[in-house]
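J.: One letter stands for each residue in the lines below.
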Amino acid sequence: MNIKPLGDRVVIKKIEAEETTKSGIVLPGTAKEKPQMAEVVAVGPGGIVEGKEVAMQVKVGDKVIFSKYAGTEVKFDEVEYTILKQDDLLAVVE
Amino acid sequence: MNIKPLGDRVVIKKIEAEETTKSGIVLPGTAKEKPQMAEVVAVGPGGIVEGKEVAMQVKVGDKVIFSKYAGTEVKFDEVEYTILKQDDLLAVVE
Amino acid sequence: MNIKPLGDRVVIKKIEAEETTKSGIVLPGTAKEKPQMAEVVAVGPGGIVEGKEVAMQVKVGDKVIFSKYAGTEVKFDEVEYTILKQDDLLAVVE
Amino acid sequence: MNIKPLGDRVVIKKIEAEETTKSGIVLPGTAKEKPQMAEVVAVGPGGIVEGKEVAMQVKVGDKVIFSKYAGTEVKFDEVEYTILKQDDLLAVVE
Amino acid sequence: MNIKPLGDRVVIKKIEAEETTKSGIVLPGTAKEKPQMAEVVAVGPGGIVEGKEVAMQVKVGDKVIFSKYAGTEVKFDEVEYTILKQDDLLAVVE
Amino acid sequence: MNIKPLGDRVVIKKIEAEETTKSGIVLPGTAKEKPQMAEVVAVGPGGIVEGKEVAMQVKVGDKVIFSKYAGTEVKFDEVEYTILKQDDLLAVVE
Amino acid sequence: MNIKPLGDRVVIKKIEAEETTKSGIVLPGTAKEKPQMAEVVAVGPGGIVEGKEVAMQVKVGDKVIFSKYAGTEVKFDEVEYTILKQDDLLAVVE
Numbered sequence: 001m002n003i004k005p006l007g008d009r010v011v012i013k014k015i016e017a018e019e020t021t022k023s024g025i026v027l028p029g030t031a032k033e034k035p036q037m038a039e040v041v042a043v044g045p046g047g048i049v050e051g052k053e054v055a056m057q058v059k060v061g062d063k064v065i066f067s068k069y070a071g072t073e074v075k076f077d078e079v080e081y082t083i084l085k086q087d088d089l090l091a092v093v094e
Numbered sequence: 001m002n003i004k005p006l007g008d009r010v011v012i013k014k015i016e017a018e019e020t021t022k023s024g025i026v027l028p029g030t031a032k033e034k035p036q037m038a039e040v041v042a043v044g045p046g047g048i049v050e051g052k053e054v055a056m057q058v059k060v061g062d063k064v065i066f067s068k069y070a071g072t073e074v075k076f077d078e079v080e081y082t083i084l085k086q087d088d089l090l091a092v093v094e
Numbered sequence: 001m002n003i004k005p006l007g008d009r010v011v012i013k014k015i016e017a018e019e020t021t022k023s024g025i026v027l028p029g030t031a032k033e034k035p036q037m038a039e040v041v042a043v044g045p046g047g048i049v050e051g052k053e054v055a056m057q058v059k060v061g062d063k064v065i066f067s068k069y070a071g072t073e074v075k076f077d078e079v080e081y082t083i084l085k086q087d088d089l090l091a092v093v094e
Numbered sequence: 001m002n003i004k005p006l007g008d009r010v011v012i013k014k015i016e017a018e019e020t021t022k023s024g025i026v027l028p029g030t031a032k033e034k035p036q037m038a039e040v041v042a043v044g045p046g047g048i049v050e051g052k053e054v055a056m057q058v059k060v061g062d063k064v065i066f067s068k069y070a071g072t073e074v075k076f077d078e079v080e081y082t083i084l085k086q087d088d089l090l091a092v093v094e
Numbered sequence: 001m002n003i004k005p006l007g008d009r010v011v012i013k014k015i016e017a018e019e020t021t022k023s024g025i026v027l028p029g030t031a032k033e034k035p036q037m038a039e040v041v042a043v044g045p046g047g048i049v050e051g052k053e054v055a056m057q058v059k060v061g062d063k064v065i066f067s068k069y070a071g072t073e074v075k076f077d078e079v080e081y082t083i084l085k086q087d088d089l090l091a092v093v094e
Numbered sequence: 001m002n003i004k005p006l007g008d009r010v011v012i013k014k015i016e017a018e019e020t021t022k023s024g025i026v027l028p029g030t031a032k033e034k035p036q037m038a039e040v041v042a043v044g045p046g047g048i049v050e051g052k053e054v055a056m057q058v059k060v061g062d063k064v065i066f067s068k069y070a071g072t073e074v075k076f077d078e079v080e081y082t083i084l085k086q087d088d089l090l091a092v093v094e
Numbered sequence: 001m002n003i004k005p006l007g008d009r010v011v012i013k014k015i016e017a018e019e020t021t022k023s024g025i026v027l028p029g030t031a032k033e034k035p036q037m038a039e040v041v042a043v044g045p046g047g048i049v050e051g052k053e054v055a056m057q058v059k060v061g062d063k064v065i066f067s068k069y070a071g072t073e074v075k076f077d078e079v080e081y082t083i084l085k086q087d088d089l090l091a092v093v094e
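For the record, the sequence lines run as chains A, B, C, D, E, F and G. According to the numbering used here, the first sequence is numbered sequentially starting from 1. According to the numbering used here, the second sequence is numbered sequentially starting from 1. According to the numbering used here, the third sequence is numbered sequentially starting from 1. According to the numbering used here, the fourth sequence is numbered sequentially starting from 1. According to the numbering used here, the fifth sequence is numbered sequentially starting from 1. According to the numbering used here, the sixth sequence is numbered sequentially starting from 1. According to the numbering used here, the seventh sequence is numbered sequentially starting from 1.
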C-alpha cells in the first residue's frame, strides 16, 4: 500500500468479525464507543505534532483495538482503510 | 491476557457486587458518576502522552475505584474488560 | 481507612450539620455551588498530574470547605466518603 | 477569621452599599457582570496553581472590585464571605 | 482616579460620540463586535498572568479601540469606567 | 492612517470586487468562510501575545486573503477598515 | 500560481474523480468526514505557529488526502483552490 500518513496518524485495516471470533475476541455491539479490531498497515513518522513530541508506539502488522467513530475512512484498490491518530488506538492485541 | 494498552491506558476487570460486599465496600447506585471497583489486569507503558510525561502509578493486581462511564468495554475469551486512561482511576483500595 | 487516592486526589468525609453549627460555621443552602465542610481522611501523593507538578497542601485531619457537586461518592464500611481533586477544595478551616 | 484559602484563592467580605456610597463609588445594578466592592480578609499562599506560578497581588485589608457571580459564598460566625480565585478580582481601590 | 487594575487589566473611559466625530473616526453601529473608542485611565502591572508573561503595551492617556462587550463597567464619582484585559484592546489611535 | 494595532493584530482595507476581477482572482460567494482580498495598512508589533512569541509575517502593502467574518470593522475618515489577528490572514497574493 | 500561504497553511487543488479512479483510489461519498484527494500547489513557511514550532512535511506536487470540510476555497484564474492548515492533511499518496 502506498498511503503515507502524516504526523502521528496511522492507517489501519479492519479485521472482519470472522477473524475476530477466531482470535477469541468478541467486541460487544452495545459498547458506547464501539471498539473494533484492526491491523496497522502504515504508520506516520511521529515527531513534533501540534508542538508536542510524539513517539510512534505501533508498527505495521500490529493488531489493535480502536474506537469505531475515530478517524476517516478511505477506499484504496477496493479495500477500505481508516486513517486516525495514534491516540485513538486503545491497545495492541498479541 | 494479551491486551497491551497504549500510552497511559490501563485494562481493568470489574469486581462483582458479591466480592465488593465481602471486602466491606458498598458503592451507592445513586452516585452521579457511578464509581465501581475493578482489578487492574494490564498497564500501559506511560511515558510521553499528548506531550506530557506520565508515570504509571498502578500495577497489575491493584484493586481500584473508577468512574463507570469512563473508557471502552471489550470482551475477550468471554470475559469483559474496560480500557481507560489511568487518570480515570480515582483510588487504589488495599 | 485503606483507600489510597491517586495523583492529586483526596478522600474526605463530610462533617454533619450539627458539628458544623458547633464550630460556628453555617453554610447557606442557597449558595450556588453548595459548599460543605469535611475532614480530610486520605491524601494522594501529588507529583506530576496531567503533566503538571502538583504539591499537596492539605493533610489528613484538615477540616476543609469544598464544592458539594465536586468528586465521586463511595461508601466504605457503612461510611460515606467523597474522592475529589485537591483543586476542588476551597479552604482549610482552623 | 480562621479560614485559610488554598492556592490562589482569596476570602473577601462584601462592603455594604452604604459604605460604598460614602467612598464615592456606585456600582450600577445593570452591569452585565455585576461588579461589587469587598474587603480582602484572607489570602491564599499562591505558588504553583494548576502547574503555573501565581504570585498573590492583594493583601488583607485591600478593597477590591470583583465579579458578583464569581466564587463560593460561606457564612462564618454569622458573617458572609466569598471564596474566589485572585483572577476573579478586577482591581484594587485606594 | 484611584482604581488600580490587577494583572493585565486596564481601566478605560469611553469617549463620547461627539469627540469621536471631531477626531474623524466614526464607528459603525452595525459592526458585529461594536468597537468603541476610549481613553486609558489606569494600567495594571502586567507580569505573570495565568502563568504567562504579559507586557503592558498601553499607557495612561492612550486613545484605544476596544470591543464594546468586553470587560466590566463601574461608576466612580459619577463617571463610568470599564475594566478589561489588555488583550480586549484592538488598537491605539494617534 | 494613524491606527496602531496592538500585539499580533493587523489593520486591513478590503479591495473592491472590481479590483479583484482585474487581478484575476474571483472569490466565490458560496464559500463557507467567505474569503476576501484586502490590502494591509498597518501591522502590530507582534512579540509575546498570550504568552507566545509571534513574528509578524505580513507588511504594509501586502495583498492578503482573509476570512470575512474575522475581526472588527471600524470606519476612519470615511474609509472602512478591519482589525484582525494575523492568524486570520490565510495567504499573501503576489 | 502566486498565492503564498501564511504559517503552516498549504494551498491544494482538488483532483477530479476521473483522475482519482485512474490512480485506483475511490473515496466513499458516505464517509462522515468526506476525505478527498488533492495536489499540493503551495506550502507555507511553517516555523512558529500559535507559539509552536511547525515543520512542513509536504511539498509542492504531493498528492494528499484531506478532509473535505477543512479550509477555505478560493478561485484564482478560473481554477479553484483550497487553503488549509497542514494538520488538516491526513496522508500523502504515492
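Hints may be right or wrong, so weigh each one.
[Claimed, not checked] List of simulated lysine to aspartate or glutamate pairs, EDC-like, C-alpha gap at most 20 angstroms: (1) A/Lys75 / G/Asp77; (2) C/Lys4 / B/Asp88; (3) C/Lys13 / C/Glu39; (4) C/Lys68 / D/Glu80; (5) D/Lys68 / E/Glu80; (6) F/Lys4 / E/Glu80.
[Claimed, not checked] Covered by chain F, per the in silico footprint, the following chain G stretches (three or more residues, Cβ under 8 angstroms): (7) 7-16; (8) 72-83.
Calculated directly from the structure, the hints in this document are not laboratory data. Since this is a predicted model, take the numbers as computed values, not measurements. Glycine residues also receive a C-beta, built at the ideal position from the N, C-alpha and C atoms.
J.: Tell me if chain F covers the region 72-83 of chain G under the three-residue, 8 angstroms CB rule, please?
T.: holds (count 9)
J.: Please verify whether C/Lys13 and C/Glu39 have alpha carbons no more than 20 angstroms apart.
T.: OK: C/Lys13 and C/Glu39 at ~5 angstroms, within 20 angstroms.
J.: Need the status of pair A/Lys75, G/Asp77: alpha-carbon distance at most 20 angstroms?
T.: Answer violated: A/Lys75 to G/Asp77 is near 32 angstroms, above 20 angstroms.
J.: At a Cβ distance under 8 angstroms, does chain F reach at least three residues of the region 7-16 of chain G?
T.: holds (count 3)
J.: Could you grab the alpha-carbon distance between D/Lys68 and E/Glu80 and see if it respects the 20 angstroms cut-off?
T.: holds, 18 angstroms
J.: Tell me if the straight-line CA distance from C/Lys4 to B/Asp88 falls inside 20 angstroms.
T.: Measuring from Cα to Cα gives roughly 14 angstroms; hence the hint holds.
J.: Take a quick look at whether F/Lys4 and E/Glu80 sit within 20 angstroms of each other, Cα to Cα.
T.: Outside the cut-off at roughly 25 angstroms; violated.
J.: Please work out if C/Lys68 and D/Glu80 have their alpha carbons no farther apart than 20 angstroms.
T.: holds, 18 angstroms
Checked against the numbered hints above, the structure violates hints 1 and 6; every other hint is satisfied.
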